[in-house]
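Kindly produce the complete structure, drawing on both the sequences and the hints.
The lines below spell out each chain.
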Amino acid sequence: MKRGFTVVFDKEVVDNLRDRRTLAAALLYPFLGPAMILLVVFAVGQLSREADEPLKLPVEGGHNAPDLIEFLEQNNVEVKPAPADPEEAVRTGKEDVVLIVPETYGDAFTQGQPAAVHLVVDSSRNEALSAIERARTVLAAYSGQIGRLRLAVRGVDPRVVDTVAVELVDVSTPQSRGARILAMAPYLILVSLFVGGMYLAIDSTAGERERLSLEPLLINPVSRTELVLGKAAAVFLFTLVALLETLAGFAIILNFVPLEQYIGVRMSLPIEALFLILLVSLPLMLLVVGLQMLVASYTKSFKEAQNYISLMLLVPALPALIMAVVPFQQSLWLSLVPTVGQQVFINQILRAETVSLLHLSVSSAITLVAGALLLRLVIRQYEREAILLR
Amino acid sequence: MGPRLELTPCQLTSPGSPVSLAAECGKLTVPEDRGAANGRNIDLRVAVVRAVSRAPWPDPLFFLTGGPGQAATESFVTIQAAFRRVRRDRDIVLVDQRGTGGSNPLRCPAGDESDVWLLDDEDIEPWVERCLDSLEGDPRFYTTSIAMRDLDDVRRALGHERINLYGVSYGTRAALTYLRLYPDRVRSIVLDGVVPPTETLGIDVARDAERALDLMMGRCSADPSCAKAFPEIGKAVDDVMARLDTPVPISLRHPRTGEIVSVELDRRMAAYAIRLLSYSQETVATIPLLLTSARENDLAPLAAQFLMTVGGVSETMSDAMGISIVCTEDYPFFEDDLIAERSRDTYLGAIQTDALKLVCPSWPRGEVPQGFRAPVKSSVPVLLLSGEADPVTPPENAEIVHSQLDRSLHIVAPGQGHVVIHRGCISSLASNFIEKGTFDGIDTSCVDRIAPRAFFTSFAGPLP
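Here the protein sequences line up with chains A and B, keeping their order. Per my numbering, the first sequence starts with residue 1, numbered consecutively. Per my numbering, the second sequence starts with residue 391, numbered consecutively.
By construction, these hints were calculated from the structure, which means they are not laboratory data. Because the structure is a prediction, the values reported are computed rather than measured. Possibly wrong hints are sitting among the right ones.
[Stated by the list, open to error] Derived EDC-like pairs (lysine to aspartate or glutamate); straight-line CA-CA distance at most 20 Å: (1) Lys56/A / Asp107/A; (2) Lys625/B / Asp613/B; (3) Lys618/B / Glu88/A; (4) Lys618/B / Asp107/A; (5) Lys747/B / Glu512/B.
What follows is the structure, given as structure tokens:
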């Protein structure tokens, strides 16, 4: 038994190391996840750096409100002349935001009426949002300051308008704030696990059948169980390599790239956390291998198998998508669902929270059983002669 | 092996402010009397606001607040934005100076509607007696020098070899005292609103307040809109004060409760209100309007200002701690003829010094080490910050210290009042200085662009 298993395993590993597609999937893809996170961090950082720079604000009719303009200039705003047609300029994206001070401003202001100014914006342009927000904030600051002083000179304590002082007691830790940016990470880790062995799973089953090399293989004096387990072990190895690469990528990014320079939040991924994530993922890997081999054993050609198995990439995405919209609490029944449970656990580990051992062991057990059942089904499939005929 | 200081996560808040700040807090136990072996111990409240960086510099910034009597862990919360950049690379350490905040505070509230400085002369002695009876602690040990030895204990307990200091107002005296005691422990210092060690706190209060008011009036006269709205601003203070020599009974709605209250407005109360309004450029903008309307017979807005300011100050101050400091370190140097000279022809007069003369003789006085009031000699780089129209620590204070130090740079923020770290580009200049530990390559020209807010010319505000 041992020999047959080893022969098959060696053959699959060596064969597929020669195959570029398998190699690329196993070796290159896993780095995509960490790379994506890095990109997001840099993009976020860019935005916050822009906030330190003066806001360039085109103003039309500034002469109607010299005091307002003076206030803007004292508060990190660079006032510049407005374009001829402000609305057109904003619509075409030439300007992010334009301030218009109408003739009526001064009269309303001196009468103590709300003095209207117009802020021309295109709220559908994402890249303008930060400039719009900054313009609104500084205008609100001016309004608030004048308003409070108006109250004070009339003999009313400005604090009376702050009826409820909401003091935020923020219990987030630097790690958990960082984990918000890492929200995608559990999904990316699971995807790398789905992709790592994907080509090998297809190639060693549907691929062999298509190349008509499966039949000679089955004639060999190797039991079907050994055959399947050998192939599964090879797929498992590739999956494991992919996972390790992804984890290594995250470890490098979180521990060595100075992310705090960009997002103002300190993060780290200690070695224990890495091991814990690996531990959480192991049962799932078995399930994924079983699932991929089962699908591939039912399909006629490489292409067909590829189509179905690619669709399976959506499986880990579903809980992530749902979690993004409806954030749900960790609960026992959820951790029973393979892939959902693992994502919840990985998320907790990244946030440096304590993982419930009970939930983890129940989830792992269920996933393991499901994986074993799937492999059993694959073996059953191979035991039928029909495997050659499909 | 120093004393233990364990830190646990905490949330810092400040009375009356909705902002809060996550930090790590702990208590360091120190002897109240450092000369006695088995005396009473007090706990110091310590908070560390962690740097954002993964690899912070080993030398944190210690924040020394003002008063004397404010709590560092409270007042930092309201000014934290100015330290955002410093915090990127350095921890910020907040120690409530003994007698303040969470460090065995010495407080004797004089009441919601009053303040020690406003008590009538005959009420002061009973107040002192009551206060001293109620204090848990011996005021003699609440001096700047002893507090700075506490601070060094905290430094040691946190394991820092060298530190940077930011001191504001009275905190600048504390910072310079620390520098004198532990010259090798300091990497850089920023002093905002400077109190020179050679000067006596309180003796110049009237003169400095008068100077700020003069600057305000000069600026108003030079500004066409202000000059037009208040052509006789130059006479306003004198006229109002003269009128209030005989207290005027006023009935008005209380600024906070809205209830109708009666106040006998006198010149002390008016002076108190005007002085506090001079602290920041925003409220300075309303002084000509308030003075002019008071002069034109409507005293209610000025009385309301008094009511608004009087409760607010004592909320954040440990008054008895402040008195312990001033009575020990400054009162012995009060010279009557000097006070008379410095307060002559000022709107404030000798109000505050007179009150201290009634309080201090019966207040337990601590010891001041030799050389406490000598100029501090040091080659540690010191950045000095002043507001041009500061009513308590005018730029000339910083000039005195500037001339005594080997390496210092003095920045004056045009038209600004007390505390300027958060004005214009000053916080980024200061962060830059703390980052480099030197003045080289620091371009201060951006300071010229700082300007004060326009004056309120009517109850609607400034000209639009």
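Hint check:
Distance hint between Lys56/A and Asp107/A is unfulfilled; the C-alpha atoms sit about 27 Å from each other, more than 20 Å. Between Lys625/B and Asp613/B, the direct Cα distance comes to roughly 17 Å. Compliance with the 20 Å bound is thereby established for this hinted pair. Using a Cα cut-off of 20 Å, the hinted pair Lys618/B and Glu88/A is violated, with the two alpha carbons roughly 42 Å apart. Distance check on the hinted pair: Lys618/B and Asp107/A sit about 18 Å apart at the alpha-carbon level, within 20 Å; holds.
For the hint linking Lys747/B to Glu512/B, the alpha-carbon distance of about 13 Å falls within 20 Å, and the restraint holds.
Hints 1 and 3 from the list above are not met by this structure, while the remaining hints are.
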